[in-house]
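Peer 1: Read off the chains here:
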Amino acid sequence: MSTLRMGRRLPQRTVPRALMALGALVALGFVAVNAAIGYVVIDGRLDGQWYDVRDLGIGVQELREWLDDRNADQPGFLDFLGQHWISYAVTALLGATGILSVVGGALLILIWVERRLIGRMQIRRGPNRVGPYGLLQPVADAVKLIQKEVLMPRGADKVLFLLPPALIFIPMIVAWGPIPWGRQMAYLDIHVGILFLIAISSLTTLVIFMAGWSSNNHYALLGAMRTIAMMISYEIPLSIALLSVVLLSGSMQLSTIVEWQSTHNVWLAALLPLAMFTFFFSSTAELNRTPNDIAEAESEIVAGFHTEYSGMKFGLIFVVELGNTLVVAALTGTLFLGGWSLFGLEEWIPGYLILGAKISAAYFLLVWLRGTLPRFRLDQLMKFAWQFLIPLSLINLLVVAAQASIFARWQVEGVVSLGLFAIVNWAAAIILVREWARRMGYRPEREAVRQPILTQGVGGLQAARRLGASELGTRA
Amino acid sequence: MDSAGIIVAFWLLSAIAVGSAVGVFLARNLIHAVMLLVLSFVATAGLFVTLSADFIAAAQVLIYAGAIPVLMVFAVMLTPLAGRDNGNSLYVVPGVLLGGAFAVIVAIVAIDAEWGAAGAAALAGQSFATTADAIGDALMGRYVLAFEVASVLLLAALIGAIVLVREDEPA
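Residue numbers (our numbering), protein chains in the order written: chain A, 1 to 476; chain B, 477 to 647.
Calculated directly from the structure, the hints in this document are not laboratory data.
C-beta: ideal position from N, C-alpha, C; glycine also.
Don't take each hint at face value.
Some but not every residue of chain B turned toward chain A, in silico, with C-beta under 8 Å [claimed, not checked]:
(1) Leu506
(2) Met511
(3) Ser528
(4) Pro545
(5) Pro570
(6) Leu574
(7) Ala577
(8) Phe578
(9) Ala608
(10) Ile638
(11) Val641
(12) Glu643
Beta-carbon label-pair distances, calculated as ranges [what the hints assert, rightly or not]:
(13) B:Leu554 / A:Leu162: 48 to 54 Å
(14) B:Leu573 / A:Arg183: 34 to 40 Å
(15) B:Arg618 / A:Phe364: 23 to 29 Å
(16) A:Ala408 / B:Leu630: 37 to 43 Å
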């Protein structure tokens, strides 16, 4: 009896049936479109050849030709169905679903990958209980988050409080558009790709403010202000670093930048080391990742702009941060590591596999940074942006601009001029960083190397075995 | 130009832009007004996209939807004496007058302009794939003086802001 009474007291279902039915329909449609993509890819529907569905250029062409053929067979067919925009709409839908599926699947896996890697770096095992090797841990986390109570702070601005977990997804997903996965294989290969990416990523600041302000909580608002101040500070060196890429390759279109690297057989990371460092470091600030995650450092302060979000809303914000990390890895791979090209190997290996490998490498680097580096204090972070990164990247931009105009004006052999540029840029980067750091008063610590303190933890015993028993004996 | 998608996009984006602009005026909460203003700017950027002006659309999002609202938000949050509500004030009358005058000017220009010369038929032969190149050439070539004057003005504003917020060094 008592259990029944308790059961009756449980809160009623709050989500309307119609909304649930709509959600189920959307999910079914998503699965169906994915199945269609799989069918087309595996079956080779498009005239019996291997096509990647994300190869939208070919897709549009095929559909247009098919429509024209049908129109030739039955006159008036095209008038009835509308015009050629149908082919664009269909391929746009397929491409968007492809991106959503790839990114969504990657996010599910990468939560596990990141936790395992961090675990290994901290000499523990990481999640290994749910499923084989703990692979189902992200699913379990999501189920747990969905089950949690949905909290709304008293006095919160309802609309602005509920919007950010959804809105914050938009820049993350849209940023995948201009990234080319192969020759003619970008979803949104616009001419101003890099400007578009900077513009889209700057929208995140506003969403973060929305979340912090509407929570009606001082800590959330302060956290939002902290994050915004950090993000708009680091946007400047990031944009300047990207500008030097644009100057040297002569285009803002991401596919053209990759083509440039492919034709000159060079990665821009070799030519623009300082720009790549600036981009990578500023991105970690934009992403709120260690070493620049003081704005929401869980172990030191209240968690920043998403303090008041609970359950799956927090989960969404968390997942978007991971997705943005992946976007930065993809951008690093595309802009600085040659994208889908690999010195001629792209003739034999599909481009998206090469880019995928580069994304994984850059992502591993980001996880590695998170696992090893300590946090900066907020004032150190701001000082580093304004007094170190911005002046250095401005000087670097001037050097690169001179090189770009030399490269554009005199038709020197690419190997000679680009080799010279690489030597000059590496030397300039090393000298600039050293001298500027000396001027700023950053010095390497000159303390004596301390003996490691050996504990009985896992790592301690291993270290003890490495050092040998005799040394352990002297310390004990 | 006149395909169904463009027409639908134009009316949808125009409705969003005008509706949210009206919302800016009617919203009682200042932050809501700022957010509606952002929506209006984004819809305007979409209108630029339908005109194949990709560079201007990206710049519109970057500056008007990304940077200026942050400035407004900081202004609202960091000035303790400013009211948080978007109620009536003495500025309504001059604001309405200015807006009306601007609308009249735009209407006169729109009626006066020869749309045939800039219509779809006249522009069909020209390629608009590279607006960024054309804009860059114009800024660095013909209008370089205005460009440089604007950059000097911005530099002066930057230095002025640094001087204003700088702490006095102990003597």
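Peer 1: A separate judgement is required for each hint: does it hold in the structure or not?
Peer 2: Here's how the hints hold up against the structure:
1. For Leu506 of chain B, the shortest C-beta to C-beta distance to chain A is roughly 11 Å, which exceeds 8 Å, and the interface hint is violated.
2. With a cut of 8 Å, the hint placing Met511 of chain B at the interface with chain A holds, because the nearest CB-to-CB distance is about 7 Å.
3. Given hint, Ser528 of chain B at the interface with chain A, is violated; its Cβ is 10 Å from that chain's nearest Cβ, farther than 8 Å.
4. Because the closest C-beta pair between Pro545 of chain B and chain A is about 6 Å apart, less than 8 Å, the hint holds.
5. A cut of 8 Å between beta carbons decides the hint on Pro570 of chain B: the least distance to chain A is about 29 Å, and the hint is violated.
6. Annotation: interface hint on Leu574 of chain B violated; nearest CB of chain A at approximately 27 Å, more than 8 Å.
7. The criterion of a C-beta within 8 Å of any C-beta in chain A is not met by Ala577 of chain B, whose closest approach is roughly 31 Å, and the hint is violated.
8. For Phe578 of chain B, the interface hint is violated, since its Cβ never comes within 8 Å of a Cβ in chain A; the closest pair sits about 26 Å apart.
9. At a threshold of 8 Å, the smallest CB-CB gap from Ala608 of chain B to chain A is about 5 Å, leaving the interface hint in force.
10. A least Cβ separation of about 10 Å between Ile638 of chain B and chain A goes past the 8 Å threshold, and the interface hint is therefore violated.
11. At its closest, the beta carbon of Val641 of chain B sits 12 Å from a beta carbon of chain A; the interface hint therefore is violated under the 8 Å criterion.
12. A cut of 8 Å between beta carbons decides the hint on Glu643 of chain B: the least distance to chain A is about 13 Å, and the hint is violated.
13. Checked against the hint of 48 to 54 Å, the C-beta distance between Leu554 of chain B and Leu162 of chain A comes to roughly 26 Å, which is inconsistent with it.
14. Between Leu573 of chain B and Arg183 of chain A the C-beta distance comes to about 57 Å, which lies outside the given range of 34 to 40 Å.
15. Taken as a hint, the range 23 to 29 Å is violated for the pair Arg618 of chain B and Phe364 of chain A, whose Cβ atoms sit roughly 49 Å apart.
16. Checking the proposed 37 to 43 Å range against Ala408 of chain A and Leu630 of chain B shows it is violated: the Cβ atoms sit about 27 Å from each other.
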